[in-house]
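Each chain, written out:
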Amino acid sequence: MTLDIASPERTAIAPDAAHALYREMLRIRRCEEQLVRSYAQGLIPGACHTYIGEEAVATGVCAHLRPDDTVLSTHRGHGHALAKGVPAREVIAELFGRATGCSQGRGGSMHLFKPEVGMLGTSGIVGPSILMATGAGYSFKLTRTDRVSVVFFGDGAVNNGAFHEGINMAAIWNLPVIFVCENNMYATEVAFASVARNTNVAERGYVYGLPGIAVDGNDVAAVYTAAGEAVRRARAGEGPTLLECRTYRTRAHSEGMRDVGYRTKEEVDEWKRRDPIESYRTRLIADELATDDDLRGIEDEIAAVIAEALDFATHSPWPDAATATAHVYSTT
Amino acid sequence: MREMTYTNAAREGLAEEMALDPTIFVVGEGIGERGGNFNTTLGLYEQYGPERLRDTPIAERGFVGMCTGAAMTGTRPVVDFMFLDFILDALGELINQTAKIQYMSSGRLKMPITLRGCIGIGGSAATHHSGNYYPIFAHLPGFRVVIPTTPYDAKGLLKTAIRSDDPVLFLEHKSLLNTKGAVPEEEYFIPFGEARVRRTGSDVSVVAVASMVNKALEAAEKLADEGISVEVIDPRTIAPLDMNTILESVHKTGRLLVVDEDYAPCGIGAEIATQMMEQGFDDLDAPVRRMNAAFAPVPYSQPLETALVPNVETIATAIRNLRAE
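Protein sequence lines, in the order shown, are assigned to chains A and B.
First residue of the first sequence: 5, per our numbering; consecutive thereafter.
First residue of the second sequence: 92, per our numbering; consecutive thereafter.
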């Protein structure tokens with residue numbers, strides 16, 4: 005089964021759920037904007053890969069997950085960590101290198117871990133997360149639970165062998181895994197169209213014998229609807245799903261990097277006009293799911309959350325240097 | 092005490108653990124109904140079925156990555172590579188993920204994964220089925236590396252490996268698989284990091300790894316007739332490495348030879364020699380010596396293959412020479 009992107013059915017989303025989607029996208033956006041400012045101020049010593057423009061994907065998928073479900077993700081994983089339940093204060097503190105960060109200062113932008121909420125790690129290597137998520141699905145099936153495993157990866161991962169090997173294993177063993185491809189058209193700065201003859205990722209599902217569904221990744225309602233069905237299938241023991249979300253990164257691959265020579269300003273501007281948060285805001289009001297006051301209330305709430313998160317990170321202690329070699333092994 | 096082969100002893104250890112813990116599962120090529128190319132899982136499929144004895148596609152990278160994710164989420168995979176050479180397709184997963192996840196998660200995720208495979212030169216297995224590779228893993232933080240040489244050790248160390256929350260390489264030299272030895276009926280475990288003195292002696296200490304243990308013992312027996320007293324130490328695990336047993340031995344003998352079928356550069360002999368110098372320089376009456384495979388990929392034809400590897404004669408000569416230094 006391969007559905008076309010053209011006409012995603014609009015499923016009725018209750019006002020509370022719709023507000024939650026808006027709130028979560030905004031929390032990711034405002035957290036990212038804060039990280040951009042902090043990076044410019046020299047407060048982030050390493051990389052900073054923002055998720056700005058892609059918020060609808062993590063939000064729409066993770067809205068269906070329980071804390072005991074798991075997520076594995078990419079080098080562009082702040083949004084996934086936040087949507088899976090990592091507090092913004094722990095993400096900012098992690099990028100600042102503080103002991104209170106979600107990885108206790110061991111990870112930074114590319115290695116966000118918080119197993120307590122099912123965040124099993126973002127990754128600096130493209131591909132492996134697909135395999136590890138397949139393994140989480142194997143555990144959940146073997147231990148007779150209804151937990152589900154989600155992995156986010158970019159278009160850059162789908163021509164990597166891990167995609168082939170992982171999806172094939174999930175399909176043959178009918179594992180509860182949702183493979184979410186965030187097709188943002190560029191693997192760092194290499195255009196997907198230049199490395200794939202067929203740029204329809206969802207179609208690849210058919211090849212491995214699992215459903216492949218493509219949705220507008222800038223439409224949170226479309227992602228939410230498609231992911232809801234994928235999660236339901238996985239929980240019910242009906243197997244894995246490949247979900248392609250077509251979206252766009254509107255900032256540079258990494259903060260501070262030169263962002264020219266591989267895409268045009270016109271293309272970036274066009275996608276900025278399709279901003280997932282702005283467009284959802286307009287739609288919520290048009291569909292009478294929220295009033296402008298409702299949404300301003302949410303915006304104020306998120307501004308306070310991010311201000312508190314920044315204050316928390318800024319005043320957090322550095323890790324104790326004596327712990328630099330701790331946790332290499334489970335026992336000493 | 093009953094006698095059993097190395098393979099049967101290891102399989103008994105696996106079977107005992109699988110009976111106790113339903114989260115243990117084995118993956119590999121032909122380890123299901125067939126029972127494994129080296130009989131590592133013979134008879135277990137009938138008891139536990141395909142979910143726990145999982146035949147895989149030929150996708151080492153894939154199933155190693157998959158088992159890494161499984162180990163992070165509450166199950167205890169045993170990856171059976173058949174020939175360890177096949178692990179090389181999965182090095183990226185092993186080194187970047189399997190070995191590092193515990194550290195990256197600040198100990199909140201565990202990595203209880205056993206990675207077993209047959210190693211070693213012999214039987215014209217040729218270039219792609221004769222590798223040793225253990226120094227690669229001993230070099231890196233995160234791995235345990237276990238190389239048992241007797242049926243007793245194979246069973247006790249495999250049980251410890253499966254119960255460990257760390258990734259453990261469990262490496263079985265092909266020439267040892269059918270060797271027999273005493274294995275008690277009652278349950279036992281062998282801790283990592285405890286070498287075993289296989290023969291006591293006073294003139295020269297020999298640390299031997301994998302199949303070289305038996306060859307060193309044979310050489311020691313031969314040299315006893317010449318009045319040379321050789322102590323033979325089997326480290327059993329090279330990560331962690333029990334350096335104390337080696338230091339105590341050299342304190343007595345003043346001379347150390349490391350015999351290892353793997354290559355010399357950056358190998359286990361280099362590591363032991365360095366630690367010996369750092370921690371026991373004053374005990375040495377002669378330079379530490381190494382014997383290793385010749386520095387070449389492993390060839391097929393017997394005269395070529397034999398030429399690569401230390402044997403009882405060459406080991407005995409090296410010991411004589413070292414004693415004379």
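Note that these hints are calculated values from the structure, not bench results.
Here a beta-carbon is modelled for each residue, glycine too, at the ideal position from N, C-alpha and C.
One thing to keep in mind: the hints can contain errors.
[Said to hold, decoys possible] Covered by chain A, per the in silico footprint, the following chain B stretches (three or more residues, Cβ under 8 Å): (1) 154–160; (2) 175–188; (3) 193–202; (4) 212–224.
Here is what the structure says about each hint:
Note: the stretch 154–160 of chain B has 7 residues with beta-carbon separation from chain A under 8 Å; the three-residue rule is met and the coverage holds. Counting residues of the stretch 175–188 of chain B whose beta-carbon sits less than 8 Å from any beta-carbon of chain A gives 4, enough to reach three: the coverage restraint holds. Beta-carbon proximity to chain A at under 8 Å applies to 10 residues in the stretch 193–202 of chain B; the threshold of 3 is reached and the given coverage holds. A count of 0 residues in the stretch 212–224 of chain B with a Cβ less than 8 Å from any Cβ of chain A is obtained; the coverage claim is therefore unmet, three being the minimum.
Checked against the numbered hints given earlier, the structure breaks only hint 4 and satisfies all the rest.
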